Structure formats: structure tokens, C-alpha cells
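Enquirer: Here's the letter readout for the chains.
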Amino acid sequence: MKKSFVIAFAAAGAVLLGATYSQAGSHSNTVSPEMAMIKDGTFEKSLTGGAGDAEKGKKTFANRKLGNCLACHANKDLASQPFHGEVGPSLDGVAGRYEEKQLRAIMINSKSVLGEATIMPSFYRLENGIRTMKKFKGKTILNAEQVEDVIAYLKTLK
Amino acid sequence: MGINKRLTRLTLATIGAFALSSTIALADADDNELVIEGAKMTTMVEGAKDGPLDEVYSGWRFRSEETQALETDDFDNPAFSAVDRGKELWTTVTGSKGKSCSSCHDKAEDTMKGVRASMPKWDKDLGKPITLEQQINECRTDRLGAEKIKFDHADMLAMTSYIGLQSRGMPVNIDTSGPMTEWAEKGKKIYYTRVGQLDMSCANCHEDNYGKRIRADHLSQGQINGFPTYRLKWNGLGSVHRRFKGCMKNIRAKPFKVGSDEFVALELYVASRGQGLSVETPAVRN
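Taken in order, these protein sequences are the chains called A and B.
Using this note's numbering, the letters of the first sequence correspond one by one to residues 28 to 185.
Using this note's numbering, the letters of the second sequence correspond one by one to residues 1292 to 1577.
Just so you know, the hints here were simulated from the structure itself, not pulled from any lab data.
No incorrect hints appear here.
Simulated crosslink set (BS3-like; lysine-lysine; CA at most 25 Å straight-line):
id, chain 1, residue 1, chain 2, residue 2
1, B, Lys1503, B, Lys1536
2, B, Lys1548, B, Lys1477
3, A, Lys166, B, Lys1536
4, B, Lys1536, A, Lys164
5, B, Lys1480, A, Lys161
Bear in mind the structure is a predicted one, so any value in this text is a computation, not a measurement.
Just chain A, same shape as in the assembly (with noise of 0.2 Å):
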């Protein structure tokens, strides 16, 4: 699990220097975090380019040092994990109430789709709060890759 942590940001890393090679799979055409501007409320091309994951964005989703999203969402999908939060909407149905260039916009900037005053972090954004720690400085929580692997699990969630 370090392992792939390192990795994932080692692919941040590599976004952000515009690099066209990159250990994790980022693509020569990934969209970085600068050049993903969301407009009214959606972001339609796939950050990396191709189709993401749902089997891996299942497990992002679930990794309390990548997703964390069952910290504040509830998903029936995982019920065998304990501890689901309450802070956010729960995500059954997800996919049934927001279209997948809707949820991509939220996953990137969340503050640009539902407002600034959410508590909800965004994943592929840049500028977010004062003091961030040296080590996630200029990093995204999530790269581009993580985000599509998300997206497309979210679309499982009927």
C-alpha cells in the first residue's frame, strides 16, 4: 500500500512537471490540474484521456490514504467495511443523479460545483488550504488516474 502511495504521488509529481512518461500510467495527453478548469459544473474529457477503473477505483475509494470517501459517504457497495459517514450524501444511486461529466467536476474542485462553503476536499486541485504540510505541498490528493478509476466506480453505483 506505501508502495503504490509513493507511486501515485511520484505520478503527481510527473503531472505536474508535464512529463510525457510516468511510472503509473499517466498518459501523454493527462490533463493537469492547472488545465482542468470546470465550466458550468461539469468537466467533460477523462483527465487521463481513456476510461478509468471501476475495480480500482473501488479499492481508492475504500484507502483511507487516497479517497477516504466513506469518511463522510455512505455506500451500500461496501457495506462489508465498518464505519460509514454521515457528512456528505450517501452514494447509492450516484450514478442515477449526476452525469459522469457532472461528477468528474466534483471530484476535481468540488467548491466549484457545490459552492464554496462545502466541507468536501477537491481531488485534483492545486490551490487549496494555508499551511498544507511539506509533503502534499504542490500535490493533488488523487491523481488523474486515481480520479477516472473513481469515476468510473461511482457509474456502478445504480
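Given chain A's structure and the hints, the job is docking chain B onto it.
Expert: Frame of chain A; chain B shown alone:
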């Protein structure tokens, strides 16, 4: 001390509420009454009209019945070995001047009553508010001729819990007037500033979402009327500033330093949000 004995301390209505708690009470503070050693504590007060909270709740109201019970009986409260140590230290001569706390302050039961309830307090000489720990250190260096000790040093926690206990049951009564206003405002600004990669302020959890579950945790209002508090997670007592640090780290922010102006200001402001709650020092939380 068995669970049965603890439960008998709670009213039948309380037990009824507990039975329903997994579906209903989770959404908010519970209705339990806190009685410590026969003394009734105020765990809810109406918020000030111009204040941010309609109802002000002690963190005790958000804890499980088992954790709650630990605070009702000083024999069960795991903080009391530190309190006993504090009582001993009170009369123990330390430092180069051959004095103990009691040399100047006589009996803590008399002279320390109400101290915890009104800290942080303005310090004229320093020209800023100081916390209970800083006041103790000032006494140590200036009057006892002893070294400063850290906020979470075992001896400091023994002193702060023992001194704090003398205010137990008294209402939090923080003065934010005069020169304190500027500091309370500074603390308020910190309270509402989003920090860290996860981009959250104190208010996002403790004002907007108290009463809800965040994973396994039940979010409280982050009131500090029970500090120093025995946290089961810490397996020991800890200062308010230690707790602030933990929160900031969770949000992936670089914490301010224990004893820093920022944390003193934040402590002052957060304490003022809990005006009227009973001091519960030393409280027990999870």
C-alpha cells in the same frame, strides 16, 4: 467497577434513548445528564444571540455511554492518578528558591477555584493572553526558580488537571473584552480559515457538521471545557494545544506550535464559544 454499576447511574430515560441511539440519537448530541460525584454539570446552554451556535454542547454529549460513564465517578476516571500527582506536586518544594506552589497559594481548593474557568487570561506584564500552562510556567521561573516544562509534560498535566479540577462544575467564563478582543478576533480568524491539503477549517466539522459521523468518529462542537482531557486514544491526558495539533495534522496541515500565539488565540476563541458550559476538567473522551 462494572458496567452495571455505571449504567445504574444513568436514568432509565437515558437507557431508553441508548436503545434507539443507533438510528436516532446519532444525528445529534444525546439527552444524557452528566452528574459527576453527585454534582450536576451543565452540558448544554443556549448560544449567545450574536454567536455562531444556537445550542452549545459539551463534547461529553457526543460520546458513547461507556466513555460517558468513565467521567461520572472519580474512581473510574483514568485521569485521577495525574490529579493525585498534581496534589502532591502542589506542596512539593522545587526550584532554587525553596518554595512550592502552596508557599504562595496556600490551599488549591480555595485559591485555584475558578482559575480554569477563566483561562486564557490577560497578562499585563506580557501584554498578551496566557494559558493555564503558561501561567504555571511563569510561576515556576519567576517565583520558584524552576525550569519551564512543556504543556504535555507529565508534571504539567498533573498540575493543570489538579488546578482545573478546582473549577469543576463552574461555568466557563472567558473575558474577551478590552485588549482580549483583538486576540479573540485573531483566534476566530484561525477558526474559520481553511488549512491543509484537505482544505478544511475548524468550522467545517465542528460548526457545520457536529452531531454527524465522520467515519467512526462522532463529530462534536470541539468544545474545550474539559481540558486537560483524558483521551482513550492517547491512553493519557493531553493539553488543548495537543488536540489542536492532531486536528491540523488530520487535515494535512502543518500545525502551529504548542504555546504559540496562534494556538493561544485559538484556545481563547474556542473557549469563548463554550461560555456557560461547566468546566469538566479532567474530562474523559475517546
